[in-house]
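S.K.: Sequence:
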Amino acid sequence: MLSPLCSTWGTLELHPPLPSREHAVEPSVWSTRGWTYQEAHLSRRCLYFTDHQVYFVCPTTESIEAVLHTEKQTPILPPLIRRETWSISMLVHHIEVYSRRELTYEVDRLNAFRGLLSRSGFASYHGLPLYTPPFRGLDAPTSRNFDFAFARGLFWQPPGPDRKAVFREPWRGFPRWSWVASGGDVGF
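The numbering of the sequence shown is my numbering, which starts it at 1010 and goes up by one.
Quick caveat, the hints were computed from the structure, so don't treat them as lab data. Any given hint could be a false lead.
Claimed, not checked - Cβ pair distances, simulated, as ranges:
hint	residue 1	residue 2	range
1	T1017	S1127	30 to 36 Å
2	C1015	E1048	16 to 22 Å
3	R1185	E1111	17 to 23 Å
4	G1130	L1027	35 to 41 Å
Every residue, glycine too, gets a C-beta built ideally from N, C-alpha and C.
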């Protein structure tokens, strides 16, 4: 028996289009949780179970249960985050998106992002990305370079017109100058 939204045309069954993975997963609680952000970006393969169907994602392709697959598959997605070279803007973007996520335990705020910090290749200190642009003649790390990188990492701010961070109690050992201590949405 066909669902009320389906119809037939000759021997064909016509079904309404199913939502893309992004549209199916985006409104879910899963997409609001802190640990799932890192899981989605660092896992080699992901299965997403939604109300509509199951989605399988790997670095070269995305498959859905509603479509018959042949042996030869063509990659339809850009690769998930792999070991490519990261830019500082890419890392900052991930921090901004991740900071909107929720955690059951605030003490996990840095640990639930530590894998992405590591994958980025940038040094970090209490979650602050330490980045120094290449200077001519300054190839070796120096304390001056660290000072500059640390100062640049402090350029985060909460969103909104008043730009006041809401620090959740207790801070669980995170210094207040780190975006991790804010426990909420940040921008750079």
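S.K.: Honestly, do G1130 and L1027 meet the 35 to 41 Å range at C-beta?
M.R.: holds (37 Å)
S.K.: So does R1185 sit 17 to 23 Å from E1111, Cβ to Cβ?
M.R.: Hint holds: Cβ distance 20 Å, inside 17 to 23 Å.
S.K.: CB of C1015 to CB of E1048, is that within 16 to 22 Å?
M.R.: violated (34 Å)
S.K.: Regarding T1017 and S1127, is the given constraint of 30 to 36 Å on their beta-carbon distance met?
M.R.: violated (53 Å)
Hints 1, 2, counting from the list given before, are not met by this structure.
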